[in-house]
Amino acid sequence: MGLDDLLDEVGERQKVVLAAFGTFQQQVEDGMHQLVLRAEAVQQRADELEPERLARLQQALDVGAVLSKVKAQDFDGLSRRERRAVTGLWRDVGLDGMTWFLTRSPDSVPRLVRQRLRDWSASEDAATQRSWAQLVGRRVEDKRVLRWALPMSVEAALGGEGPSTLARHWRDHGLAEMVGMLRNSGIKETSPYAGHVIAEYLEGRLQTRQDLSQAMAFLVDDPGGLSWMPHRNVDGVAVSAPIEARIAVISKVLECRLAGRMAPAVLTRLEERLIARDGVFDDPRHTTLTQGWQSVRARAPDAFDAFLSALIQQDLEFFFERAMNEQDRRRFWLNYLGSIRRTTCWLASEAYDALRARLANLPVEQQAAFRRARRLPRGRTSAFVLTFERYVAVEFSDTGNATYVYEHRSLDQKLNGQPVEHHNDLKDTPQEYCERRLTHLPGWEIRFEQELLELGIARDRQVKRVAR
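In our numbering, the protein residues as written are 1 to 468.
Just so you know, the hints here were simulated from the structure itself, not pulled from any lab data. Owing to the predicted nature of the structure, the values given are computational and were not obtained by experimental measurement. Each residue gets a CB set at the ideal place from its N, CA and C atoms; glycine is no exception. Mixed in with the good hints, there may be bad ones.
Label pairs and their in silico Cβ distance ranges [said to hold, decoys possible]: (1) ALA72 - ALA149: 34 to 42 Å; (2) ASP119 - SER349: 20 to 28 Å; (3) THR128 - ARG209: 33 to 41 Å; (4) ARG374 - GLY204: 35 to 43 Å.
Work out the full structure: start from the sequences and follow the hints.
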């Protein structure tokens, strides 16, 4: 074998060895990557189970004894389980007690950070919130110990401006992507903090007058977004967000709806989603609002009232245009839009089936109104119920039917707990229960207005119409 052949063979062997070494190195890197991912998954699972574990731990422990030991600064008297439970008792331990405890147990700082994120609340006193954030921030020397993934300091995140600061930092991302980043940072849908970040993100979109279609579509259609919205058991939502977070998000969603800047199809789906009956929020057109809707209305009164008026206007126009074709009555009742608290459309079977057959040809807002309508099993006449603060007015589709006005309790007595199956169930020809029986003779608008005014129901001339 010549020298050239020998050198060629050595070169080939070197290539084989280098290739084998490269393969080995890649395998080592892949193995380390998989190990890191598994370690992160295990830690993430541990973080998810930590609230339940702490709750069980606190039930098994003598909490009063633990607090007494902390107050007496008896660190050696605290067992390992008791030390682990102290951060979960931060409200009872207090700022001074926790300051002492973290001095003796610095490895408890990560647990306190996670607990404060889980318990973050916009209603907490600002000074107190700032003091707790500073307490933790001073003791964080290495963020890797916390597995900290947020693009801000611990102290800033836990302070009162934490959610708004984080929302501004991620403002160029889509809402779905931002929720994913929150989840990867350990802030799940079960954390109130996540809801407040979403609310601040939507506020930023409002302030910069950006299109809201994509964000609203995520909250309306994606199971991940539905955690903060009204939803039913059949919507595939794994877990609901805390009520405080849902109130913050829904209030801001109503303000987004009022501002517009979203596709009509998204707006229609949003309005239908907001009246999903989930027990916490229910239908806002009910005379008595649930506690959830009361809180939303307190946070965004103008947006809530505009939403309620829009729903009522859609139902009113749908009935008088599609089931009755009476434009004069439609115009008359629109003058009372601001006083109407709820509407219920009862469609006769024939009318209901006919409208359902051509539902796709209706305007999107009337499609939504149809889906809110109810079907009368018997009879050929439809009915429309307008609920005011004290009274209920019932209109019927066929001409020749009077309008009946009842007090709420009087109509309840007439129905006697039975379901409405025929339009006659809502009529009171003998006038045993109704307060007024108003007929549509010539000049009926002036007479109706006077009769309603005597009952304390006045025209609302200042109401803003919802244009489509």
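For each hint, the structure was consulted:
no. : hint                        : in the structure
1   : ALA72 - ALA149: 34 to 42 Å  : holds (38 Å)
2   : ASP119 - SER349: 20 to 28 Å : violated (53 Å)
3   : THR128 - ARG209: 33 to 41 Å : holds (35 Å)
4   : ARG374 - GLY204: 35 to 43 Å : holds (40 Å)
Going down the numbered hints, you'll see the structure goes against just number 2.
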